[in-house]
Amino acid sequence: MNFVSQCVWAAYGGWQSTSSVATNRTRVASRIRMTSTWYGAKYGMGDISNNFAFVPSFYTYATSSKTVGPKATGYGDVSTGSFDILSVGTGNVIQLYNTSQAKWYHSLYATYKSSSSIDPQVLVTAHQTDYIDRDILEYLNNTMYSKVRGMRFSSASFDS
Amino acid sequence: MKKNMQLILILLLISCLAGCKVNKAADITSSTESNEIEVVPIAGNVDKSDMDEVISYFIIKYLGISYKSTDKQFEAHKIYGTEEADGVIKVYAFYRFMGCSFIEGTFKYETGGGAPILFELVKENDEYDIIGYTEVLVGGDLPYIFPEKYAEMVDERNTDLYEDVVKQAEDWLKEEGRIEKYSR
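Protein sequence lines correspond, in order, to chains E and R.
Residue numbers in the first sequence follow this note's numbering, run continuously in steps of one, and reach 1578 at the last position.
Residue numbers in the second sequence follow this note's numbering, run continuously in steps of one, and reach 310 at the last position.
A few of these clues could be false.
Selected chain R positions facing chain E (Cβ under 7 Å, derived; list incomplete) [stated by the list, open to error]: (1) Ser192; (2) Tyr193; (3) Lys194; (4) Thr237; (5) Leu263; (6) Val264; (7) Gly265; (8) Pro269.
Stretch-level coverage of chain E by chain R, calculated; a stretch enters the list once three of its residues show a Cβ under 8 Å from a Cβ in chain R [to be verified]: (9) 1517 to 1528; (10) 1555 to 1561.
Treat the hints as calculated values from the structure; they're not laboratory data.
C-beta atoms are modelled at their ideal positions from N, C-alpha and C, and glycine is treated no differently.
Next up, chain E with everything else stripped away, as it sits in the complex (with noise of 0.2 Å):
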């Protein structure tokens, strides 16, 4: 989860490709553009909030109404089998639930939607295990996951 809540600091603006990897760890470790309740730490490692870290808890927190920080709408939260990916867009979050341990365990980063409706295709990006441009479909059939739900992002405010 900490890799999915890296991704959407990244693209609030949290990481400037124009910048040296030197300066956007000193971004991370200013905490720019996150909040006093959701950040995370150089390397990946350290001092990292649980809105940032866990899966349950980073949906509760950008879904929810606040002055500052990521904000999303919801959505799907059905199984599956029923899940409409034409829903999806790039920059969205997907969560997948386990329902052998009975919980919303895991998030992966939507990096491309194909524009055709009619043969309709999402990319995702993960970690652990680690993907790049993988599709969506592996993971909607894979049996272990029984209900998925989605989080649009949109404009944020961010005090730095």
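Since the structure of chain E is already known, use the hints to place chain R on it.
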């Protein structure tokens, strides 16, 4: 996307000629759960008596479809162990897949992944066929898919496999006489 469709159409054509049913990679998993044995058709010059070669083919041609479409794909895998019961050979392995495309003068890593994976094979007339697979899509699922003795052997990073696919890419560029360099 277009290349993906072309590949699917080619596989469909091959399967029709062979009288077999093609499953998209994702369908094969569910087929094993319902205990139906559906053999994955293998085309080309694959030595089916070589388990590694059959697995390599499957990773590129079937798992590869579930990754972004690219100009050229590479794979590497290692097998932790095998177990046989009721005619089905379970192969506990780790694979790494990498897809590259020629972009702006480089041969760029575009898509890929690496995961522990359980293949299910059958062997007939000294030839292997794959009838199913279960991939560990989420690291926490490993104990539910791998027996403890194999789970303990898994190194999620498997940098040697990554180095292997990169070397394959570099060697392939040389063989093809391309001047582009691999880039991440």
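For each hint, the structure was consulted:
Contact between Ser192 (chain R) and chain E, as hinted, is supported at the beta carbon level, the nearest pair being about 4 Å apart and thus within 7 Å. Annotation: interface hint on Tyr193 (chain R) holds; nearest CB of chain E at approximately 6 Å, less than 7 Å. Below 7 Å, beta-carbon pairs count as interface contacts, and Lys194 (chain R) has one with chain E at about 4 Å; its hint therefore holds. Given hint, Thr237 (chain R) at the interface with chain E, holds; its Cβ is 4 Å from that chain's nearest Cβ, closer than 7 Å.
The interface hint given for Leu263 (chain R) is met, as the beta carbon of that residue sits about 6 Å from the closest beta carbon of chain E, less than 7 Å. Checking Val264 (chain R) against chain E by beta carbon gives a least distance of about 5 Å; that is within 7 Å, so the hint holds. With its C-beta approaching chain E no nearer than about 4 Å, Gly265 (chain R) sits inside the 7 Å limit, and its interface hint holds. For Pro269 (chain R), the interface hint is violated, since its Cβ never comes within 7 Å of a Cβ in chain E; the closest pair sits about 11 Å apart.
Only residues whose C-beta sits within less than 8 Å of a C-beta in chain R count toward coverage, and the stretch 1517 to 1528 of chain E has 4 of them, enough to reach three; the restraint holds. Remark: the stretch 1555 to 1561 of chain E is confirmed as covered by chain R, as 6 of its residues place a Cβ nearer than 8 Å to a Cβ of that chain, reaching the required three.
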